[in-house]
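S.K.: Please work from the sequences and hints to get the whole structure.
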Amino acid sequence: MGTEGSLRPPGQHPCVSPHSSDLKGDHKEHGHKSGGVHGLLRLPDHGERFEEEWAVTQRRIEHVAATPVPRETEPAGAPRLVRGDV
Amino acid sequence: MSEPWELSLSDAAAAIASGRLSPLELLDATLARIERVEPRVQAWARLRADDARAAVRQPADSRASGTRPGPLHGIPVGVKDIFYTEGVETSCGSKIMAGFVPSYDATSVARLRRAGAVILGKTHTTEFASFDPSPARNPWALEHTPGGSSSGSGAALAARMCHGALGSQTSGSICRPAAFCGVVGLKPTFGRVSRYGVHPLAWTLDHPGPMARTVRDVAMLFDAVAGPDPNDPSTVPAPPVSGAVAALDDPRGRDAGARGLRVGVPDRYFTDGLDPEGAAAYREALRALGDLGCRVQDVRLPELFEAAMDAHEIIHNVEAAAVHADTYRARPGDYGHKLRAIIETGFHVPAPAYVRAQQIRTLLIGAMRALLRDVDVLATPSAPGPAPAGRASTGSPVYNRPFSFLGFPSITVPCGFTKSGLPLGLQFGGRPFEEITLLRAAAAYEASTPWSSRAPAL
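Protein chains in written order, with our numbering: chain A, 1 to 86; chain B, 1 to 458.
Source of the hints: derived by calculation from the structure; they are not laboratory data.
The model shown is predicted, which means the values in this text are computed figures rather than measured ones.
Treat the hints with care, as some may be off.
Stated by the list, open to error - Ranges between beta-carbon positions, derived for each pair:
| hint | chain 1 | residue 1 | chain 2 | residue 2 | range |
| --- | --- | --- | --- | --- | --- |
| 1 | A | 44 | B | 101 | 54 to 62 angstroms |
| 2 | B | 49 | A | 73 | 26 to 34 angstroms |
| 3 | A | 48 | B | 306 | 24 to 32 angstroms |
| 4 | A | 52 | B | 231 | 33 to 41 angstroms |
| 5 | B | 447 | A | 45 | 51 to 59 angstroms |
| 6 | A | 77 | B | 22 | 43 to 51 angstroms |
| 7 | A | 51 | B | 57 | 56 to 64 angstroms |
| 8 | B | 68 | A | 66 | 54 to 62 angstroms |
| 9 | A | 52 | B | 68 | 56 to 64 angstroms |
| 10 | B | 36 | A | 73 | 38 to 46 angstroms |
| 11 | B | 284 | A | 73 | 39 to 47 angstroms |
Glycine included, every Cβ here is placed at the ideal spot set by N, Cα and C.
M.R.: Shown next as structure tokens:
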């Protein structure tokens with residue numbers, strides 16, 4: 001899925017990133033996209049970065065992205081379970 | 001006779017039905033109990049003693065007019081403070097919701113009332129049923145967490161301040177506090193109990209369900225609240241509820257107990273990080289199930305099980321972010337740190353990752369259905385250990401989370417105590433809509449052990 005390097009901690013606009021090395025090469029494009037989440041949703045920038053939690057979430061995204069899933073698999077959403085087919 | 005507040009829900013209901021105890025006597029005894037222990041336990045967000053007294057008088061009026069009292073007639077219950085209660089503040093453990101008074105009851109609250117239960121008040125929840133703790137304490141050790149998010153429900157039951165309670169589980173919020181507090185919690189199949197009027201944490205993971213002191217008590221509450229509700233589409237295609245109490249009381253089923261039940265013991269995950277006392281209690285519980293005539297056998301979890309647990313967290317965070325987007329935008333400072341972290345990370349998960357997580361869910365549901373052809377239930381520890389010390393954390397939901405992700409039912413029943421006197425739980429998980437199989441297994445186990453009869457010294 002190519003998430004490596006393109007995801008930033010919540011609230012972390014590239015202009016204020018403490019990890020500027022992460023941004024080399026794709027600063028403009030991805031900075032615009034991911035830094036824009038707060039802007040797009042009109043969320044406040046309260047200065048918190050949640051870097052530890054984001055690192056965990058990023059690992060989870062990568063794990064999920066790396067798990068083989070047949071293309072025809074329908075997303076579960078809210079389960080609509082019926083009895084009798086076990 | 002025991003003090004009325006000491007009676008199990010089933011025994012109290014039987015005493016009321018036979019005329020040996022009046023609902024008012026039970027209510028008065030329970031309120032006196034609350035007065036004595038609540039200052040230390042802090043299980044209640046708000047008590048409604050006057051409303052409860054008025055409710056106790058109502059059925060007597062109904063009886064005079066020939067209406068038959070319901071099976072929960074006069075039974076005092078607590079309701080987690082994310083369930084809407086008509087005319088009673090529902091603040092969800094949050095500054096955001098302080099002062100919110102719903103104009104209607106959640107479906108499960110309305111059904112409890114219809115069955116004759118008396119709503120004593122609202123029990124504490126962690127903030128929005130997430131991870132920022134509530135003021136509730138563990139009655140077995142007041143400096144330990146009661147678990148979460150149904151913290152107050154677990155604590156109130158253990159402290160004998162009510163006879164039944166409603167909880168809800170998105171990851172482990174029924175089974176974890178029930179296990180930490182030494183009571184029984186049933187997380188029903190997704191779609192079995194209506195979510196209508198229950199403040200959402202994550203729509204596709206939220207499960208309302210009953211908590212009580214014994215398996216039969218939980219079955220009585222389950223019979224009252226389960227069933228289709230046009231206000232919650234997920235409940236509509238569910239098969240009819242077929243009487244959990246009747247199934248437990250059926251002499252053939254009761255005599256058979258758990259004999260012949262195929263009990264699966266997962267090869268991994270459910271013992272990762274399990275502490276030594278928890279491991280010893282789990283081994284002993286499996287041995288006891290064998291003694292009851294269960295066929296205990298090892299099962300291999302599907303390969304994608306661990307990826308699925310990561311998928312659970314992605315779905316949880318994204319849906320929580322969506323639930324709270326509007327209020328978070330306006331009042332971010334009124335959210336606790338743990339929920340803020342969930343919301344913020346949820347906002348930044350790429351949409352395709354969320355969809356893929358839901359695809360993995362489809363795959364795991366299929367794989368676990370297949371696994372549950374070979375066994376009738378899975379038996380696991382309910383938590384990696386007893387309630388942790390301190391109240392900053394509500395403990396880990398990792399062993400409960402798989403059944404929330406799957407939507408399959410699960411139940412926890414006390415299975416022992418640590419040397420320091422903290423309760424431990426045994427969890428059963430099973431096939432969709434086969435709650436009765438879980439109740440049967442848990443009831444047989446409970447009847448063969450002394451754990452459920454213990455009460456904390458308060």
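S.K.: Hint by hint, say whether it matches the structure.
M.R.: Checked hints:
Checked against the given bound of 54 to 62 angstroms, the beta carbons of residue 44(A) and residue 101(B), roughly 28 angstroms apart, lie outside it. Distance hint check for residue 49(B) and residue 73(A): the Cβ-Cβ separation is about 53 angstroms, which falls outside the suggested range of 26 to 34 angstroms. In this structure, residue 48(A) and residue 306(B) meet the distance hint of 24 to 32 angstroms, their C-beta atoms being roughly 29 angstroms apart. At about 39 angstroms, the CB distance of residue 52(A) to residue 231(B) agrees with the hint of 33 to 41 angstroms.
Distance hint for residue 447(B) and residue 45(A): a CB-CB separation of about 58 angstroms, consistent with the stated range 51 to 59 angstroms. Under the hint 43 to 51 angstroms, the C-beta atoms of residue 77(A) and residue 22(B), about 48 angstroms apart, fit the expected range. Take residue 51(A) and residue 57(B): their Cβ atoms lie about 57 angstroms apart, and the range 56 to 64 angstroms holds. For residue 68(B) and residue 66(A), the hinted distance range of 54 to 62 angstroms is satisfied, since their beta carbons lie about 59 angstroms from each other.
Taken as a hint, the range 56 to 64 angstroms holds for the pair residue 52(A) and residue 68(B), whose Cβ atoms sit roughly 57 angstroms apart. Between residue 36(B) and residue 73(A) the beta carbons are some 56 angstroms apart, a value that contradicts the proposed interval 38 to 46 angstroms. In this structure, residue 284(B) and residue 73(A) meet the distance hint of 39 to 47 angstroms, their C-beta atoms being roughly 41 angstroms apart.
Going down the numbered hints, you'll see the structure goes against 1, 2 and 10, while the others check out.
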